[in-house]
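*Asks:* Sequence:
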Amino acid sequence: MNPACDYSAAYCILNTDSGFKGHGMVVTLLECFYGETFTIGRGNDIVCKAVEAIADRVKGRTLESLTVNWGKTWRYLVSDSQLRWIGPEKGAIHLALAAVVNAVWDLWAKTLGKPVWRIVAEMSPEEFVRCIDFRYITDAITPEEAVNILQEQQAGKAERIKDAEESRAVPAYTTSAGWLGYGEEKMGELLRKALAEGYRHFKMKVGGSVEADRKRLAIAREVIGYDEGNILMVDANQVAYPHLGLQVWSVPEAVEHMHELKEFKPWFIEEPTSPDDVLGHKAIRSALKPLGISVATGEMCQNRVIFKQLLASGAIDICQVDACRMGGINEVLAVLLMAKKFGVPVVPHSGGVGLPEYTQHISIIDYVVVSGKPSVLEYVDHLHEHFYHPAVIKKGYYQTPMEPGYSVEMKEESMKRFGFPGEEGGFWMSQEGRRILQGEKV
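Residues 1 to 442 (the working numbering) are what the sequence shown spells out, left to right.
If you're looking for bench data, these hints aren't it; they were derived computationally from the structure. The beta carbon of each residue, even a glycine, is placed where N, CA and C say it ideally should be. Keep in mind that the hints are not guaranteed to be accurate.
Taking lysine-lysine pairs in the DSSO-like style, the calculated list, with each CA pair at most 30 Å apart, reads [as the list claims (entries may be wrong)]: (1) Lys-186 x Lys-282; (2) Lys-157 x Lys-416; (3) Lys-186 x Lys-265; (4) Lys-395 x Lys-193; (5) Lys-215 x Lys-162.
Now the in silico label distances, taken between C-beta atoms and shown as ranges [stated by the list, open to error]: (6) Phe-427 x Asp-139: 30 to 36 Å; (7) Glu-432 x Glu-197: 27 to 33 Å; (8) Ser-414 x Gln-438: 37 to 43 Å; (9) Glu-159 x Gly-225: 31 to 37 Å; (10) Glu-385 x Glu-228: 50 to 56 Å; (11) Asp-381 x Gly-426: 23 to 29 Å; (12) Lys-59 x Asp-381: 48 to 54 Å; (13) Ala-218 x Glu-253: 19 to 25 Å; (14) Glu-64 x Glu-423: 36 to 42 Å.
Can you make the complete structure from the sequences, with help from the hints?
*Replies:* Structure, rendered in structure tokens:
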């Protein structure tokens, strides 16, 4: 839904200083560790400066000093009084926090020789809870409640870890067939291809005219059927660009539009209005509940505090937590716990550069450690070729990452070619790159 979309990311590399001398012990020393936050285009310039400011707070620290008490570290990273003034804990500074926090987790996982999901899966309930800063959410969930929730999930955990090891933990859903720019023939072709590849959940973008949306959903249902065990979802992406022919949905428009689409039996409508409108989402959910249509949101949710309101008030049916919008995995863990307490399934947002690589860990953690129930996870099939350990789908399931780290380390050649502002011979010095940079700012 972005008229000038430039899929890109602010990429954080934190270097370590060896400083060690070998005395017969095997010491794993990493040259660098990686974190990413997903933005588009010009927003990266702002986030990169914010990353530098946040990263300054970990300079000179040992890894052990950061991971021994993760909750304390997270609070320290968000407690710079001058940086909080441009948040607090939201916006560009919070995106930057995610990049730095996730980079530290990536380093930690690599030194332990484990993927991030397994580190969390092997934690005791108490260790898990110590990763979280519970400020502002104890009216929704206390540390003691969180420990009890996790202890209850110990039963069957070994079997769920086995599911993860055998890549049976995270079913995928596809958005790749549902973009608004696709013609009818291409959309049908992509849906048939996804169906043949084992997908059973399909998401389509909506937000044009009622007539256009009905036509697109009719094509989708013609391909996937109604009674074949295949699930249809729709995504409005806040429909915020009327100059592109999209309608702006306030609460009444969202309800009215979805009434017109009810015959296609979507499981949920994603982001039907402003992502900050908790009361609006609650009203939409109440209006659509008799139609059997759920409400999902979260990819633009700013922090655990907004999620607390969405979850505790009953404003949403589906929690779409984002790995980069939250302040790193620590804050994501808080959201997973609140979602479990309020009985809301977690279906992470995963439609951006590197997000499937990140969120596969989150979905595994939710299934193995927190909810104990399988959910689904979005997969958008583009740009994975730039990562050393890309997310992979086989027979409709994410293939569980087993390599150490958080799976978002980019290939050196990709960073060299596409890094901004770049060098002679790189993308941004090419005619195509210059056209983007010199184009109309919309």
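*Asks:* A separate judgement is required for each hint: does it hold in the structure or not?
*Replies:* Against the structure, the hints come out as follows:
1. Lys-186 x Lys-282: Not satisfied, since the Cα-Cα distance of roughly 36 Å exceeds 30 Å.
2. Lys-157 x Lys-416: violated (42 Å)
3. Lys-186 x Lys-265: Holds: Lys-186 and Lys-265 sit about 22 Å apart, inside 30 Å.
4. Lys-395 x Lys-193: holds (12 Å)
5. Lys-215 x Lys-162: violated (43 Å)
6. Phe-427 x Asp-139: 30 to 36 Å: Violated - the Cβ-Cβ distance for Phe-427 and Asp-139, about 48 Å, lies outside 30 to 36 Å.
7. Glu-432 x Glu-197: 27 to 33 Å: Since the Cβ atoms of Glu-432 and Glu-197 sit about 31 Å apart, the hinted range of 27 to 33 Å holds.
8. Ser-414 x Gln-438: 37 to 43 Å: violated (23 Å)
9. Glu-159 x Gly-225: 31 to 37 Å: holds (32 Å)
10. Glu-385 x Glu-228: 50 to 56 Å: violated (32 Å)
11. Asp-381 x Gly-426: 23 to 29 Å: holds (25 Å)
12. Lys-59 x Asp-381: 48 to 54 Å: At roughly 38 Å between Cβ atoms, Asp-381 and Lys-59 fall outside 48 to 54 Å, so the hint is violated.
13. Ala-218 x Glu-253: 19 to 25 Å: Holds, at about 21 Å.
14. Glu-64 x Glu-423: 36 to 42 Å: holds (37 Å)
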